[in-house]
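K.L.:
Each chain, written out:
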Amino acid sequence: MDFNDTKEEAQFRQQAKQWLEENIVQFKQEFPFEVGDNVTDSQAAELAKAWQKRKFEGGWGCLTWPKAFGGREVSIMEATIFAQEEAKVMPLAGMYIITSGMAVPTIMTHGTEEQCKQLLPSIANGERLWCQLFSEPAAGSDLAGIKTRAVKDGDDWIINGQKVWTTLAHVSDWAILVVRTDPTVAKHKGLTYFVIDMKSPGVEVRPIKQASGESEFNEVFLTDVRIPDSQRLDAVGNGWRVAMTTLMNERVAVGGAFSDNVEEILEVARTTPLGQGRAIDDCGVRQSIADWYVKAAGLKNIGLRQLSTLSKGGVPGPEASVSKLVLGIGRQDLAAMSLDILDMAGVLAEDDAMGWGSHDFFRTIGNRLEGGTDEILRNIISERVLGLPAEIRVDKDVPFNQVPSGA
Amino acid sequence: MDFNDTKEEAQFRQQAKQWLEENIVQFKQEFPFEVGDNVTDSQAAELAKAWQKRKFEGGWGCLTWPKAFGGREVSIMEATIFAQEEAKVMPLAGMYIITSGMAVPTIMTHGTEEQCKQLLPSIANGERLWCQLFSEPAAGSDLAGIKTRAVKDGDDWIINGQKVWTTLAHVSDWAILVVRTDPTVAKHKGLTYFVIDMKSPGVEVRPIKQASGESEFNEVFLTDVRIPDSQRLDAVGNGWRVAMTTLMNERVAVGGAFSDNVEEILEVARTTPLGQGRAIDDCGVRQSIADWYVKAAGLKNIGLRQLSTLSKGGVPGPEASVSKLVLGIGRQDLAAMSLDILDMAGVLAEDDAMGWGSHDFFRTIGNRLEGGTDEILRNIISERVLGLPAEIRVDKDVPFNQVPSGA
Amino acid sequence: MNFEFSDEQNMLREQARAYLAEHCSTEVVRKVLESDLSFDTKLWQGTVEMGWTSAATPEEYSGLGLSEMELCVIAEELGRSLAPIPFGSSIYLAAQAVLLAGSEAQKQQWLPRLSHGETIGTLALSEGAGSPSYDLLQAQVRNGKLTAKKTPVIDGMIADMAIVVARGDSGKPGLYLADLSAAGVERKLLSSIDESRPQAEIIFTDTAVELLGEGQALIEQLLDRAAILFAFEQLGGAQRALEMAVQYASERFAFGRQIGSFQAIKHKLADMFATLEMCKANCYYAAWALTTSSDDLPLAAATARVSASQAYYQCSKENIQVHGGSGFTWELDAHLYYRRAKVLSLVIGGERRWKERVVSQLETAEAGAPTAA
Amino acid sequence: MNFEFSDEQNMLREQARAYLAEHCSTEVVRKVLESDLSFDTKLWQGTVEMGWTSAATPEEYSGLGLSEMELCVIAEELGRSLAPIPFGSSIYLAAQAVLLAGSEAQKQQWLPRLSHGETIGTLALSEGAGSPSYDLLQAQVRNGKLTAKKTPVIDGMIADMAIVVARGDSGKPGLYLADLSAAGVERKLLSSIDESRPQAEIIFTDTAVELLGEGQALIEQLLDRAAILFAFEQLGGAQRALEMAVQYASERFAFGRQIGSFQAIKHKLADMFATLEMCKANCYYAAWALTTSSDDLPLAAATARVSASQAYYQCSKENIQVHGGSGFTWELDAHLYYRRAKVLSLVIGGERRWKERVVSQLETAEAGAPTAA
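Residue numbers (this note's numbering), protein chains in the order written: chain A, 13 to 419; chain B, 13 to 419; chain C, 2 to 374; chain D, 2 to 374.
So that you can see chain A by itself, here it is in the shape it has in the complex (with noise of 0.2 Å):
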């Protein structure tokens, strides 16, 4: 057992600390603008689209890919420890875990050759950047109940239906979309996945407001889209098999990174009258910290085992269920604790507030939502890492447009 890089990752992380060193003045020379607050989400785009040309041109910009399509093929933990690295001095790099993380694996996994040839390279450049097409108002848990329909015309598709909570398709250039093709099939059996072009006549993008107040989400709805038969990925049907690769990758992508706020929580209490000291001194506050804490760690140190299954040349399993399942009821009843410790003044918000409580009381309600609800983790967690027994199926030899639907 041991914390620290092995000699081999010790050095690789040197190469990648001193490449990233000696790009970043450069490139923020070159792109001015502080990254914060003011940066909109297309300047965003455009700022990480150009640090990803910058990656490319100096080697670091697809490591774990093939050869064959620019990649150097190192190790998932080298690419980690890069990640680590880049994280430090870039933080908008996290713009590509949809497009790297997500739509690369499956295109090389399912595409033809000439699919990948078509599409990999304007991804390595920084050409463009991707987003993911797939939750629909009436598929969520359920992703399979997908409703958007793709008709064959000639040698081209027409897509008709809505598409929800996708993140980053305003500033994005191509997507990947599942779609129903058939709907008197059995509903994992009738979809079909594809590659877009967001700039296709008929797709148009809106922005949701979510309960927070802000907008970090959209809807897209699609209008009688054409896209040609040469843009589907694998075969008529195949859909949800491909979805499936997509779906576990996200999970490797989205691991690591979360802020679980102990610090936060600790100078909210210090910083905050209670009774005749500070809330900090009161035995009670200190408990409930302490609670939050050993989760929190126990987090971090998960966290820890999974880079070291990483560094063995394994790949994480389900078990990352965990932590998002722990992270999103937690934080949320962390945050309303640290407005419970403001007190009366804990009602404030923005400006006025004080700590990052009030935000995070609103936002942590799409934690326990997004990328599966707590009710979807805790059944994949008993499900593929227990092996219990899968909930009765009602919908599962059913044609799809005979599956009750309540409508």
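Don't take each hint at face value.
The calculated SDA-like cross-link candidates involving lysine to any residue, where the alpha carbons are at most 25 Å apart (straight line), are [unchecked claim]: (1) B:Lys19 x C:Ser7; (2) A:Lys324 x D:Glu5; (3) C:Lys32 x A:Gly225.
Okay, the calculated beta carbon distance ranges per label pair [unchecked claim]: (4) D:Ser251 x B:Glu362: 34 to 40 Å; (5) D:Glu23 x B:Asp53: 38 to 44 Å; (6) A:Lys324 x C:Lys150: 47 to 53 Å.
Here are a few chain C residues that face chain A, going by a calculated C-beta distance under 7 Å [to be verified]: (7) Gly52; (8) Ser132; (9) Pro133; (10) Gly326; (11) Thr330; (12) His336.
In short, the hints are calculated from the structure, not lab data.
Cβ coordinates follow ideal geometry from the N, Cα and C atoms, glycine included.
Based on the hints, put chains B, C and D in the right spot on chain A.
P.N.:
Positioned in the frame of chain A, the structure of chains B, C and D alone reads:
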């Protein structure tokens, strides 16, 4: 809104008090043993039966019964008032919960006039105490999964099987019993309800040793037990419907009484050192005690509201499940908390222990299981109170002997 | 023994519910939440006309002279409909304070106007983040002049008068009555998590004030009484949130089934119901204690308050969760209850303060009469 | 970066698991629990022969000189099999204390005998109900003579020696080494919630003792180190309880289905797994901190300890619940884990103490290096 008795209720309470005062003194002279740890179960049964006899003779034995069977046809509220006053002087009246609260209403509802005449007088006069032979090793939460078989043999039935968790079986004279008479029909349809003399040949009662080390319940083995068809209540195959009458009445009978241990946890906190002071001075301990008190008060006040419903002639609904659900989980964690307050000395048990916690730490395991598990209670609340759909049933229209059982 | 509201009180409830269904849809709430409006003046006027603002004011101060029980009924319905009006501030707090501690002249001066909605009042208690003990109270009254920074003050921008908690010449904390149009009053609107019930900072500089009454016991008595009324608002909101969740779980299909047929959802809703039932019973008991001014009032008030804060948080939070992604949209009403739940749980002090009060009351009770145990 | 046990350590684990499967079935545990036996002497002898008792003792004191990491592996397996032996008392506490603070002579005298199971040691810390601060420590050493009442002391009836926490002539709390066969030692067996790990009261009257070392910091260092080893025992037990629950949920049918197909059961098990995974990760990190004596050791120890106490309670409690009625029988093993969970969570102080230590360490860390946040 008024928490006090109405004028009529107050008058009835006064009469009850007076009769109890006059009679308890004399009764205690005749039966001079103290009620407490040193009374064996059979002594307690003997005492309870003698007390029932006394009440019957005084006209207080079967308050709600029809006058035809020697009752007084008073309201449930008046019966509750008597029970409240009785509980103050005679702690063993609770031994009649199954007899009067469950067996009697079932016999009255489903028995023939002849059966009523045959069975009720010996209950009224304290001659016979009853128990309930329902649960089985494979029929707990899924009560209709009963496997004990009854086979017709001339005018008799021959019964074979095993019952479990039978309170008072070892001191009871008679029992109510549900068995399977037809395993080839759907499970709820093949059950039949009987009454049975516990002294019948082939009835064997064995105490169950609980996880707590105590024995309050029994297993009852039925081996070639022969009972006449005249001991059948209602039609063959109607057993489930009859059992529902029993269970609906169980809820009313068991309802009110519980110990919330608020005084006990305060006492532990007040007498236990923590840091420079006592546990009760610790704000963390205080917050936890408040959390429990708020629940305990909620349950007490729910109980008062139920009494108020009785007072108006209503019958408590499935809302009663709330109390058992909250109490079960809550008291288990409260007992654990009391041990935590004692810190290292929290491991001590029995005479060496401080407070009630080490006993309840084990006993409350059973509270979450007996008379409906937490999970069954949540099903009841969600289906019968909130009107949500029932769980999908795979055993509904399947012959019982073809229902998957894992065996 | 009768632990339910009377027929008249239930009629009042039905009347209130019908009125609010018509005049206080969530669109009305959103109009205040999403704009610069501080409250819905039409609805406020409506509550005056319905006699709700004057319900518990004695007839001699031109009120209806009904009991606090009626006020509890109204509070529950206002909470249920998320009414964006200064009812709590003006009635549970300001009018109650005057009624409790005011001189005859003060009552004559303020109660008729508060009860008829002509004057809006509020309570100025908080002095910023945290909950310091009364010993650390900053607000000072010297020779009838108040110097203080009170923040946040609910309805502080629209209030005409405020009951201010401050330390007087005697050194004791007390309740002071401030006319907010007087000299030396500066106010600033604050951004907050539920702007359908907006908050303000009020700075008093040598502002002339009148003493209502002194002593920590008086302040706590006022807060206890208000706690019960706020608890009914919380109960109403929590109940509505549960209803929304049950309805959605019955209508929404996933995997070919109503999502309310999944145990995870069913049991979540069952737990919400359990918490709500306890809350309701605690509120009812507290209403009785309030109306009869029972000795149990402080304990019953703190119990109802904690119970209601917990129930509303749980029900509003899990209602969103049951709604899945749509629960996270601004468009859906679920977040309105979640916002209000937090604001109501923090007004007049958060759970920690009230749990502390539960235990200190239990300690007092233990010394004397038996508790609920 | 390698956050797993080494192949050798995993081999040790397999060996330990196989040995314990053969020699420490739950029948062996029940034999001690249900009789007057204080521990299983054969199993104790076995652990000596396997080299477990001497694993982390340096070679110069006739130990195997392995690292604490190996001790963690063994602890997890002992916890998993509910081993009814004084391993923790004698090895994590007594031997560790001598190793940490003993003079060379003391080490030479005690370590070989403790490491070979010839002498059984324990720690006498508690002085009855509650957790008073060190200032209120009653045990006194005057001129090398101890007067104290220590209760409960785990394995106190069978221990040959005890490390006693007492206040010395200097007024400071310290660790004293007492030979329990010495004059002035009276012991009494106490009834307890898990008599497979029995407890005693020990009264010392002018008993001759030797000083090991002084100061609160030393005592806490000992407890921190032991906390990590106990956390591994807890982890092992929790893991076994979850396994039992999963197995039963897969085999038991109700309503014509495996009960593990009901979401209420599935999600309960998922939550148990989540808690257990966090516990495991915290224990692993603490093992590393222990072996490398990292600065992080006190925080890592307290974190692992709290995490393990919570995980074992949850897993052992809900394992019973999943088993339904049978879980409430003496016959079924589920209650053995529930008993042990509580005993292990209270030995060397309960959750409250360790949570307090988490936060005080965070406060220290905040002043210096960054935390896990």
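K.L.:
State for each hint whether it applies.
P.N.:
Hints and how they fare:
Between Lys19 of chain B and Ser7 of chain C the CA atoms are separated by roughly 18 Å; this keeps the pair inside 25 Å, and the hint holds. Among the hinted pairs, Lys324 of chain A with Glu5 of chain D is consistent with the structure: their alpha-carbon atoms are about 10 Å apart, no more than 25 Å. Under the criterion of a C-alpha separation no larger than 25 Å, the hint pairing Lys32 of chain C with Gly225 of chain A is consistent with the structure, at around 15 Å. The hint said 34 to 40 Å for the Cβ distance between Ser251 of chain D and Glu362 of chain B, and at roughly 37 Å that hint holds.
Between Glu23 of chain D and Asp53 of chain B the beta carbon distance is about 42 Å. The supplied range of 38 to 44 Å therefore holds. Judged by the Cβ atoms, the range 47 to 53 Å given for Lys324 of chain A and Lys150 of chain C is violated: they are separated by roughly 60 Å. Interface hint status for Gly52 of chain C: violated, as the beta-carbon distance to the closest one in chain A is roughly 30 Å, over 7 Å. Hint on Ser132 of chain C holds. Least Cβ distance to chain A is approximately 4 Å, under the 7 Å limit.
Residue-level restraint check for Pro133 of chain C holds (minimum Cβ-Cβ distance to chain A is 4 Å; threshold 7 Å). Hint on Gly326 of chain C holds. Least Cβ distance to chain A is approximately 5 Å, under the 7 Å limit. The beta carbon of Thr330 of chain C is positioned within 7 Å of a beta carbon in chain A (closest approach about 6 Å), and the interface hint is therefore held. With a least beta-carbon distance of about 4 Å to chain A, the hint placing His336 of chain C at the interface is held under the 7 Å criterion.
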